[in-house]
Amino acid sequence: MKPKHQRLVLVVLALFALIGAGLLAAYALRNQASYFYLPEQMLENPPEPGQAVRLGGMVEEGSLQTAADGVTLTFAVTGNDGARVPVRFSGIAPDLFVEGSGVVAEGRLGPGGTFIADNLLAKHDENYVPRELQEMEQHRAAEMAEETTVGLE
Amino acid sequence: MHGFANPKRFLSLAAWLTPALLIGGLLTSAAALYWGLFQVPPDRLMGETVRILFLHVPAAWLGMGGWMAIALSSLAFLVWRHPLAALAARAAALPGLAFTIICLATGSIWGRPTWGTWWVWDGRLTSMLVLAFLYAAYIALAQAAQREGLSPRIPALFGLLGAINIPIINRSVVWWNSLHQPPSITVGKSAIDAEFLIPLLVAVIGFSLLFGGVVLARMRALLADIQAEARLRRRAMEAV
Chain Y
1 MKPKHQRLVL VVLALFALIG AGLLAAYALR NQASYFYLPE QMLENPPEPG QAVRLGGMVE
61 EGSLQTAADG VTLTFAVTGN DGARVPVRFS GIAPDLFVEG SGVVAEGRLG PGGTFIADNL
121 LAKHDENYVP RELQEMEQHR AAEMAEETTV GLE
Chain L
1 MHGFANPKRF LSLAAWLTPA LLIGGLLTSA AALYWGLFQV PPDRLMGETV RILFLHVPAA
61 WLGMGGWMAI ALSSLAFLVW RHPLAALAAR AAALPGLAFT IICLATGSIW GRPTWGTWWV
121 WDGRLTSMLV LAFLYAAYIA LAQAAQREGL SPRIPALFGL LGAINIPIIN RSVVWWNSLH
181 QPPSITVGKS AIDAEFLIPL LVAVIGFSLL FGGVVLARMR ALLADIQAEA RLRRRAMEAV
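Chains as they are written, first to last, in UniProt numbering: chain Y, 1 to 153; chain L, 1 to 240.
Bound conformation, chain L alone (with noise of 0.2 Å):
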């Protein structure tokens, strides 16, 4: 693991990794869009609104799972004290804030005709607004922190607390009564048909891809932005 957090090693494995996991991001995606969208059967209650699943939950997986690159790289940081984990962390909040608004985004467009309604605010649907409001929070504390020249560890303990959001998403409809439906999918259980189930699958592979190719697009541009005003520092003290 030390290997990698190498800056110069990283580089290296960044430069080739970015483009395979984007264009296979993208690939996988679109195929699994188009399965979902175009050629699943419609679902024997909800007809073809069932269609929007396949950007509704990959999304809603990659909010979740945004954040928790989050809390772990800002774990490895506050522990190994490396600046390549404090620089994946503030490479992911900004994609995990847009998955996080197309979840919240195609779950409401999804309510309306399913449940009868836009918006409930349940349990479910609460606490994703509120890691929706992390997110925001968190990009704002870690651009700040940067230009006023405070210490990252501040972000960092941000990230790590606000992953105390993640259990409670998860567990919201299990505890609480709500209207959101119950998880589908448990360990070893699906109670989706292999015929939704498979591109299903995809889409969350696909997206996930996508999401690893931009997290490693803005680091490398994270570390570019280092170096270029590191650059202008020095020659800044030989004009001096």
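Isolated chain Y, as found in the complex (with noise of 0.2 Å):
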């Protein structure tokens, strides 16, 4: 073997060395570097209350609902097979939070089981659909979002 292909080897091998650990890190990271709770993993394995996180799902259809204060909303996060969490939030929400999208909830889980939020973030789903489109387009769109949020299969 000429030293040319020896080291052509030698440093092959150590990349698949060096993926492979790249690759196992990031799997045992995978809990951890969660930017969030999807509701099911909240339900399954509750964080303490009191213990500031966060809660991550679509918005429920018809859950959104506005208290007479005019500034307290409630609505309920949904995940997969049928988890949801209702959640509060006083305070101003992003303009892309809206039923049916998803959202990423700051806040901590109060008793009863429901969700104080402190701050509101709108989650963008990948679908790019101009305005004019949106008559005809809005119900595929809506299926392709459900269908392809991530954590949300």
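For the record, the hints were derived by calculation from the structure and aren't laboratory data. C-beta: ideal position from N, C-alpha, C; glycine also. Errors might be hidden in some of the hints.
Claimed, not checked - Going by beta-carbon spacing under 10 Å, a handful of chain L positions derived as facing chain Y:
#1 53
#2 111
#3 115
#4 126
#5 175
As the list claims (entries may be wrong) - Reference listing, derived: stretches of chain L covered by chain Y, where coverage requires no fewer than 3 residues with Cβ under 8 Å from a Cβ of chain Y:
#6 32-42
#7 181-194
What the hints assert, rightly or not - Below, a sample of chain Y positions facing chain L; criterion: calculated Cβ distance under 7 Å:
#8 56
#9 129
#10 131
#11 132
From the two separate chains plus the hints, produce the assembled complex.
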């Protein structure tokens, strides 16, 4: 074997080992590196009451209500297989926060299983559709969003 | 491939390819930006803010593509020991860092109106910030290696090592729950309507041509530097 080939084999082997190590590390971080809890994760493995956590999922259609004071919103965040967590939030929600869309709520789990949010972040899905085509595409886009939003198969 | 590794042949190729790529890239990306910033209709949810897509996505692609260029050139340098490969890696670092910073900045500006925050520490944003730091470290290391006369294999190994971050950036939105959206374009499938997708592809092509032109121009400059230095050294030897 020529030295050049030896180097090639060595570098390729090192590269494979490196990528393997990286993938293993990333896999081990699977849960720790997630930015938020899905509703089913929060129900299955609830965080300590009062501990600051994030909850992410879809805003359930028809669940969004504004309280009499005008600034308190209540809604439910849904995940896979019917898991849902009720959320209460007082403040200004981002523009993209609508029913049937993704949301990440920062706050803590209150007594009685209601999530008390201090801050809402809107999670945009990967679909980009011009406004003119909205009517025509709305149905399909909503279906696609539900299908493809990560963590919600 | 070895044909292009000859510096003379490389220089005669680069002499016309550099301006061709730079001019072609400038024209194509200017046309794509005009199309994306002024001509496409607003998005159904985001409205006008969707226009930043046409800068953010090409910048993200070239930020990651730049490191792939560093890694492949470093591999070629380590295996075949050709000095031009080391030059190519060094030349790709600065434009790669520039596009990574553009990607982070446009993403942050986009995040404020759409997500409701400038920055979050989710998997995608964090791994992209790590890429910017890797670029800065690579540039410092390559410069130090040249100045101190260290082996150019040191930055090459670092370039190869840093490539592990690229699949992590790519998969971050799939592996971990993140605020950043999952990929819109996957093999053979796009969740972006054709009205946005076509100008986006033109922008990606235009900025990539520009990137290639900048890399070639920087390689020529680095080669000229080396030649000038060699000539000065020869003169100094003759004078003695």
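Hints and how they fare:
| no. | hint | result |
| --- | --- | --- |
| 1 | 53 | 7 Å, holds |
| 2 | 111 | 9 Å, holds |
| 3 | 115 | 5 Å, holds |
| 4 | 126 | 8 Å, holds |
| 5 | 175 | 6 Å, holds |
| 6 | 32-42 | holds (count 3) |
| 7 | 181-194 | holds (count 7) |
| 8 | 56 | 6 Å, holds |
| 9 | 129 | 5 Å, holds |
| 10 | 131 | 5 Å, holds |
| 11 | 132 | 6 Å, holds |
This entry satisfies every hint, going by the numbered hints stated previously.
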